[in-house]
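Top line first, the protein sequences correspond to chains A and B. Counted the way the working numbering counts, the first sequence spans residues 1 to 103. Counted the way the working numbering counts, the second sequence spans residues 1 to 553.
Wrong hints could be hidden among the right ones.
List of simulated lysine to aspartate or glutamate pairs, EDC-like, C-alpha gap at most 16 Å [as the list claims (entries may be wrong)]:
1) B:K248 - B:D229
2) A:K24 - B:D545
3) B:K336 - B:E359
4) B:K199 - B:E222
5) B:K279 - A:D86
6) B:K234 - B:E319
In short, the hints are calculated from the structure, not lab data. Keep in mind that this is a model prediction, so the values were computed, not measured.
The primary structure of each chain is shown beneath.
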Amino acid sequence: MGEVVTGASPARTTFAMARSYWRKNLRVVAILLAIWAFVGLGLGVLLVTPLNTVQIGGFKLGFWFGQQGAIFVFVALIAIYAIWMDRIEAAERRQRSDGEGDA
Amino acid sequence: MTIQGWSFTFVGLTFALYIGIAVWSRARSASGFYVAGRGVPAVANGMATAADWMSAASFISMAGLISFMGYDGTYYLIGWTGGYVLLALLLVPYLRRFGRYTVPEFVGDRYGSQAARVVALVCALFISFTYIAGQMRGVGIVFAQLLDVEITTGVITGMVLVFVYAVVGGMRGITYTQVAQYCVLIVAYLIPAVAISAKMTGSWIPQIGFGSTVVEGPYAGEFLLHTLDQLHDKLGFPAYTEAFTPGKESMVGVFAIALTLMVGTAGLPHVLIRFYTVKGASAARWSALWALLFIAVLYTTAPAIAAFARVNLIQTLHETPVAEAPAWFEKWQGQKLLKFDDLDGDGLIDYGADPDTNELTIDKDIMVLANPEIAKLPAWVVALVLAGGLAAALSTAAGLLMVISSSVSHDYCKSIKYPGMSERRELLVARCSAAVAVVVAGVFGIYPPGFVAEVVAYAFGLAASSFFPVLVLGVFSRRVNRQGAVAGMLVGIAFTATCIFFGVTLFGIGPKGIGMVGMLLNFAVAILVSRMTPAPEPELQAIVDQIRQPESP
Numbered sequence: 001m002g003e004v005v006t007g008a009s010p011a012r013t014t015f016a017m018a019r020s021y022w023r024k025n026l027r028v029v030a031i032l033l034a035i036w037a038f039v040g041l042g043l044g045v046l047l048v049t050p051l052n053t054v055q056i057g058g059f060k061l062g063f064w065f066g067q068q069g070a071i072f073v074f075v076a077l078i079a080i081y082a083i084w085m086d087r088i089e090a091a092e093r094r095q096r097s098d099g100e101g102d103a
Numbered sequence: 001m002t003i004q005g006w007s008f009t010f011v012g013l014t015f016a017l018y019i020g021i022a023v024w025s026r027a028r029s030a031s032g033f034y035v036a037g038r039g040v041p042a043v044a045n046g047m048a049t050a051a052d053w054m055s056a057a058s059f060i061s062m063a064g065l066i067s068f069m070g071y072d073g074t075y076y077l078i079g080w081t082g083g084y085v086l087l088a089l090l091l092v093p094y095l096r097r098f099g100r101y102t103v104p105e106f107v108g109d110r111y112g113s114q115a116a117r118v119v120a121l122v123c124a125l126f127i128s129f130t131y132i133a134g135q136m137r138g139v140g141i142v143f144a145q146l147l148d149v150e151i152t153t154g155v156i157t158g159m160v161l162v163f164v165y166a167v168v169g170g171m172r173g174i175t176y177t178q179v180a181q182y183c184v185l186i187v188a189y190l191i192p193a194v195a196i197s198a199k200m201t202g203s204w205i206p207q208i209g210f211g212s213t214v215v216e217g218p219y220a221g222e223f224l225l226h227t228l229d230q231l232h233d234k235l236g237f238p239a240y241t242e243a244f245t246p247g248k249e250s251m252v253g254v255f256a257i258a259l260t261l262m263v264g265t266a267g268l269p270h271v272l273i274r275f276y277t278v279k280g281a282s283a284a285r286w287s288a289l290w291a292l293l294f295i296a297v298l299y300t301t302a303p304a305i306a307a308f309a310r311v312n313l314i315q316t317l318h319e320t321p322v323a324e325a326p327a328w329f330e331k332w333q334g335q336k337l338l339k340f341d342d343l344d345g346d347g348l349i350d351y352g353a354d355p356d357t358n359e360l361t362i363d364k365d366i367m368v369l370a371n372p373e374i375a376k377l378p379a380w381v382v383a384l385v386l387a388g389g390l391a392a393a394l395s396t397a398a399g400l401l402m403v404i405s406s407s408v409s410h411d412y413c414k415s416i417k418y419p420g421m422s423e424r425r426e427l428l429v430a431r432c433s434a435a436v437a438v439v440v441a442g443v444f445g446i447y448p449p450g451f452v453a454e455v456v457a458y459a460f461g462l463a464a465s466s467f468f469p470v471l472v473l474g475v476f477s478r479r480v481n482r483q484g485a486v487a488g489m490l491v492g493i494a495f496t497a498t499c500i501f502f503g504v505t506l507f508g509i510g511p512k513g514i515g516m517v518g519m520l521l522n523f524a525v526a527i528l529v530s531r532m533t534p535a536p537e538p539e540l541q542a543i544v545d546q547i548r549q550p551e552s553p
């Protein structure tokens, strides 16, 4: 059978700590998804006509966001997410082992 | 050496490579077969995911489609990349922490319901089978067109190959073959793209050449996209870069299709299971980043190729005397990718938007397949593109086979029918069901049912309206229960399938974008029904609590 990766044991994880980690996680996800929706569907689709009046180099701005820019932003968003969550989790582990007194 | 000689050489070499890798990395345990022993590095999994994801359609047809659609191609581009943000932020880290083998398994265990497991299982099989039939057909067509063999021979060759490395290698074998296939397909895609960009705009980077000025011909010194808009205007087509003009998709339509493709991408089982193969939640997040980065290399190049090819084709062919047309014009007519009919008998190729005077019909697949010849690249590049197209089709087919085989052996036999089954027996069943699936897919490839092509396009709507809401709610809500999940999935997929089948258009949203509405319905029904029925048992809520916490170091 597949091994089930368990979270920290109940003794280590107080209810408050678990809640605080999940809240931070939700905040990160909410912020990044807001940018995702704004750039992908906002700049790339809903606002494309007004943005197309702006010309940058050989591109109309709206067209560029729809066919190039949004994709670059998507990559950047996942990169920020991966780095940000690694930091939050590292801090969380430190805090949890400090709480145990065996750091 | 001729193109055909080079083709046989490249295809032979790459096939030998794939089989070699599969034998070297073959799976010996259930964990190895289903999830590659969970030891795949994040970068390798990212590459494998990219190959898994980019099918024959992405490789061969997408640039051509965009070149006919102009701005409208945006919904494919952002739809098929934006889904990875949803995947990374809302699904993969949590599914990885849950740590089982398949997607129906998550649904069944999180909601504590065999009914939910069965519904998820049927959805997974339905989506995967429609998808894989298209891949086998793609393999057959590439073989037939460029190696001059029967489509059937091509499909059977593809079947044998996929059979060898998916059945023997399991997920481990598939993963490392997909890494090799990504390398082949991306090199094959970029070489002609870079060469054409350099030739037309003087820039070696297609993404920059796309926004640069044309260096030769009557439009020298003008921006490429401006030239394209002018050419379109002259021939009566709507401007390439403008959105929502007459003859193009409406704003509501583009929005709905883009969102459906994004959400559908995040709900496709063959993409989701790839993230079970890495070491933990953090590796799953990094792996999603690598996957999108590797995909973005192709997806930001495709619209550039689309524009280059469009300008090139119009300039080379429009109002050109047939006698002076380049050699490939005749060759691709023979392959039925170009059709010319001299209506006014003046010996000139007249191209335009008006169906009464237009004399030229261009197949979307020609943009990528013929690009190397249009750009006068050597024969081996043409052969490399062929090997790349095969790599794209085979890698996707293998990923889908994995979903089919694990659904049958693990979700049906092990979890539902015979819970006491030994690992050895389960592996045997997994290999046998993969073998049967290869044959079924091959039959679909040789005798394609008329609906397959359309259903593949709609698979995203079905995935969006069935899987995605239930998976997201399973992580982000502790309150949603089995009644809600089952009702949501059934209503979502039934609504979407009905709209697609009868071609219903609601609020300006056609069948391609209707998955967005199905997804919203699924969410609404799941939440409402859950509120009216008892909360999930404490042990199910404990699963949710567990996947919301970081793993212990």
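Going down the list of hints, with the structure as the test:
{"no.": "1", "hint": "B:K248 - B:D229", "result": "14 Å, holds"}
{"no.": "2", "hint": "A:K24 - B:D545", "result": "15 Å, holds"}
{"no.": "3", "hint": "B:K336 - B:E359", "result": "15 Å, holds"}
{"no.": "4", "hint": "B:K199 - B:E222", "result": "15 Å, holds"}
{"no.": "5", "hint": "B:K279 - A:D86", "result": "14 Å, holds"}
{"no.": "6", "hint": "B:K234 - B:E319", "result": "12 Å, holds"}
Of the numbered hints stated above, none is contradicted by the structure.
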